[in-house]
Every structure is written in C-alpha cells, then in structure tokens.
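Asks: Sequence:
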Amino acid sequence: MTDPSRDTAPTAARPDADTDTDADTDTARLVAWGQELRSVHARLRDALEVAREAVDSAGDAAPAPTDGADPRRLLGLYCHGFCQALEGHHRGEDANVFTALLDLRPDLADVVAELQRDHRLLDHLLGELSRAVDAGADAAALDRHLDGIDAVMETHFRYEEKRLVAALDEPALAAALSGTGRRAALGPLA
Numbered sequence: 001m002t003d004p005s006r007d008t009a010p011t012a013a014r015p016d017a018d019t020d021t022d023a024d025t026d027t028a029r030l031v032a033w034g035q036e037l038r039s040v041h042a043r044l045r046d047a048l049e050v051a052r053e054a055v056d057s058a059g060d061a062a063p064a065p066t067d068g069a070d071p072r073r074l075l076g077l078y079c080h081g082f083c084q085a086l087e088g089h090h091r092g093e094d095a096n097v098f099t100a101l102l103d104l105r106p107d108l109a110d111v112v113a114e115l116q117r118d119h120r121l122l123d124h125l126l127g128e129l130s131r132a133v134d135a136g137a138d139a140a141a142l143d144r145h146l147d148g149i150d151a152v153m154e155t156h157f158r159y160e161e162k163r164l165v166a167a168l169d170e171p172a173l174a175a176a177l178s179g180t181g182r183r184a185a186l187g188p189l190a
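The sequence shown runs 1 to 190 under this note's numbering.
Take the hints with a grain of salt, since some may be wrong.
What the hints assert, rightly or not - For each label pair, taking beta carbons as the anchor points, the in silico distance ranges come out as:
#1 171 <-> 131: 19 to 29 angstroms
#2 53 <-> 104: 34 to 44 angstroms
#3 154 <-> 80: 12 to 22 angstroms
Said to hold, decoys possible - Straight-line C-alpha distance at most 20 angstroms; calculated EDC-like pairs for lysine to aspartate or glutamate:
#4 162 <-> 107
#5 162 <-> 114
#6 162 <-> 94
#7 162 <-> 150
#8 162 <-> 118
#9 162 <-> 110
Note that these hints are calculated values from the structure, not bench results.
All C-beta atoms in this analysis are idealised placements derived from N, C-alpha and C, irrespective of residue type, glycine included.
Given the sequences, and given the hints that come with them, work out the whole structure.
Replies: So, in structure tokens, the structure goes:
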C-alpha cells in the first residue's frame, strides 16, 4: 500500500518502534524534522487509503454480516482513526513545530499562515466526513468526502514539503524542539 516513491525519508536514524517512548528516545538525537514530516505524510496517505478500502468494503457488504465483522462499524473505526491522525498531526505542527520554526525563521510567517488555513479547511472537511460516517452515508457520498480531503491534503503536503523541509532540517530547529517528542510535534503516526 505504501508507494515507495512518496516516502523519501531515510529511516536508519529512527530508533526502533519498540523502544520509542516519544519524548525519551526522540530527543536523545538530533531530529531531521523535515524528513520526519515526509515520513508522517506518507503514513497519513496510507491511512487515507485504508479508510478508502473500508468504504469500499462497507459498500460491497451484505446488510447482515455472518462473520461477526460489521463493515459499517469497521468503516467508522478506520475513517475516525484517519480523522484523528490527521487532526493530531496538524495540532502538533501548530502547537510545536510552527511555533519553534517562526521563532527561528520569521520570514516564513506567510507560508505558515497558509498552512494553518489549510489545517482549518481540513478540520472542516474531516468533520463533514465524520458526520457522514455517523449518519450512515452511502459509499458514493463517503468517497466524495475522501476525494475532497485527499485533494486538499495532497496539495497541502506538497506545498509544506516544498517550502519547509529545508528549514525544518536545520540544526537550530532540532535544538529548539529538543525535549519535544515526534508524536507531540507531528501527531500520532510519527
């Protein structure tokens, strides 16, 4: 499901997931935040694909499942999980990454303001998706919601990576964010 051409972030410097306690292991090394950002974006793209697969499965399912796995319930789980992951990513950026970045690079204020507008738009779109899932919308309606989120999300990610990765990888930012774990800075999929 992961498109290797999308995830360009090296993973060798990343500690093992088994030992990752967010703040403890993350701050024991200099973090290349721009590369971490690209990795999180790749995971969020994957999470969106899982939500799409859940929509497809729920749309194809018979009304009364015999195997005990209710496709509508799984759909809610995957769609709400995706929503929470993307919202958590944006909250972490707004509260931690962008604040530290603007302290060091006030020249990027317009870029950050544009990204934060995107965050608000995506929050709105995610809320609409969540309400549609809760209301039992059909697969076609849910696909339209996911298409809209995908379009805005992809444009947002590309702009953010193009404009901020170099600044995020500066050692001064790593120093400014020391003590901030990846998940606090970039959300639950970091």
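Asks: Give a verdict on every hint.
Replies: Hints, verified against the model:
1. 171 <-> 131: 19 to 29 angstroms: Taking Cβ atoms as reference, residue 171 and residue 131 lie about 44 angstroms apart, which means the hint is violated.
2. 53 <-> 104: 34 to 44 angstroms: Given about 40 angstroms between the Cβ atoms, the range holds.
3. 154 <-> 80: 12 to 22 angstroms: holds, 21 angstroms
4. 162 <-> 107: holds, 15 angstroms
5. 162 <-> 114: holds, 13 angstroms
6. 162 <-> 94: It holds: about 18 angstroms lies between the C-alpha atoms, which stays within 20 angstroms.
7. 162 <-> 150: holds, 18 angstroms
8. 162 <-> 118: With a Cα-Cα distance of about 15 angstroms, the restraint between residue 162 and residue 118 holds, given a limit of 20 angstroms.
9. 162 <-> 110: Answer holds: residue 162 to residue 110 is near 14 angstroms, not above 20 angstroms.
In terms of the numbered hints stated before, the structure departs from hint 1 and from no other.
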